[in-house]
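Peer 1: Sequence:
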Amino acid sequence: MKRLLLFSMTFFLTVSLSSLNSVARAGGEEVMKVESAIHVLDEIMSIPETCIPPSLLNDAYGIAIFPGLLKAGFILGGRYGVGILSVRNENRNWSNPVFFKLMGGSLGWQIGAQSSDVILVFKTIRSLDSITSGKFTLGADASAAAGPVGRHAEASTDLQLKAEIYSYSRSRGLFAGVSLEGSSIQVDEKSNSAFYGMAGLTPMQIFTNNTIQAPAVAEDFKRALAKYANP
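When the letters of the sequence shown are read in order and numbered with mature numbering (1 follows the signal peptide of the UniProt record, and there is no 0), they come out as residues -24 to -1, 1 to 207.
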């Protein structure tokens, strides 16, 4: 009896560890990235005085979040990071996230490395059409500007201006609109393959195909977007 019980426990632990290893292999790092994006959005929107204006989010066609974007350099620093983008479908619901890499030049004179969280709010369909083609440059393929902050920013800022994308950055606890012109964004095929367990998926397939299997955290991300960016 003891031997049978020991065998059962050993079998259960082996299966459990095998399942955990499978999850880790099947996009564990990417799952954590999505969880970080949710955390960033929750934290930023929890402070009314410095949050992204709700009206801007409500009218957005797409929202990208790059948690832990690295700015590194001894005098002029570059930046690099992986993030996720979700877009609204024809029913104004949010799509599954697509992984993208953001790379660009300096944010100014700096010494050392610094991590920041970046959020991009896409106001037009045209800007999304450009980014889903594979590679995209802020300011060249679509106009970009530092975004306004605060729930009542509409009173002092014309949100009907020409910018197609508004950009924000949080660093060392400070959150503000920031210019990211010249930064390039391109599809992270490796992360998408790991997260969805399929190679060769295009951004458009992920955005529009609801039958693609996704980890549960993808639904968590969509719920977070729906909470702050109502149709």
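If you are wondering where the hints come from, they were derived from the structure by calculation, not from laboratory data.
Be careful, since some hints might not be right.
[What the hints assert, rightly or not] Here are the simulated DSSO-like pairs of lysine-lysine, each with C-alpha atoms no more than 30 Å apart in a straight line:
1. K77 <-> K203
2. K198 <-> K77
3. K77 <-> K111
4. K166 <-> K198
5. K166 <-> K111
6. K166 <-> K77
7. K138 <-> K198
[As the list claims (entries may be wrong)] Here are the in silico distance ranges between beta carbons for each label pair:
8. S147 <-> Q189: 23 to 29 Å
9. S91 <-> T187: 33 to 39 Å
10. K166 <-> S109: 24 to 30 Å
Backbone N, C-alpha and C fix where the C-beta goes; we use that ideal spot for every residue, glycine too.
Peer 1: Taking the hints in turn, state whether each one holds.
Peer 2: Going down the list of hints, with the structure as the test:
Using a Cα cut-off of 30 Å, the hinted pair K77 and K203 holds, with the two alpha carbons roughly 25 Å apart. For the given pair, K198 sits about 20 Å from K77 by alpha-carbon distance, which is consistent with the 30 Å threshold. For the proposed pair K77 and K111, the alpha carbon gap of about 10 Å is at most 30 Å, so the pair holds. Between K166 and K198 the alpha-carbon distance is near 22 Å, which keeps this suggested pair within the 30 Å criterion.
Taken as a hint, the K166 and K111 pair is honoured in the structure, with Cα atoms around 15 Å apart against an allowance of 30 Å. The straight-line distance between the Cα atoms of K166 and K77 is roughly 11 Å, inside the 30 Å bound, and the hint therefore holds. For the hint linking K138 to K198, the alpha-carbon distance of about 28 Å falls within 30 Å, and the restraint holds. Distance hint for S147 and Q189: a CB-CB separation of about 36 Å, inconsistent with the stated range 23 to 29 Å.
As the Cβ distance of S91 to T187 is approximately 36 Å, the hint placing it in 33 to 39 Å holds. For K166 and S109, the Cβ-Cβ distance of about 19 Å falls outside the hinted range of 24 to 30 Å, so the restraint is violated.
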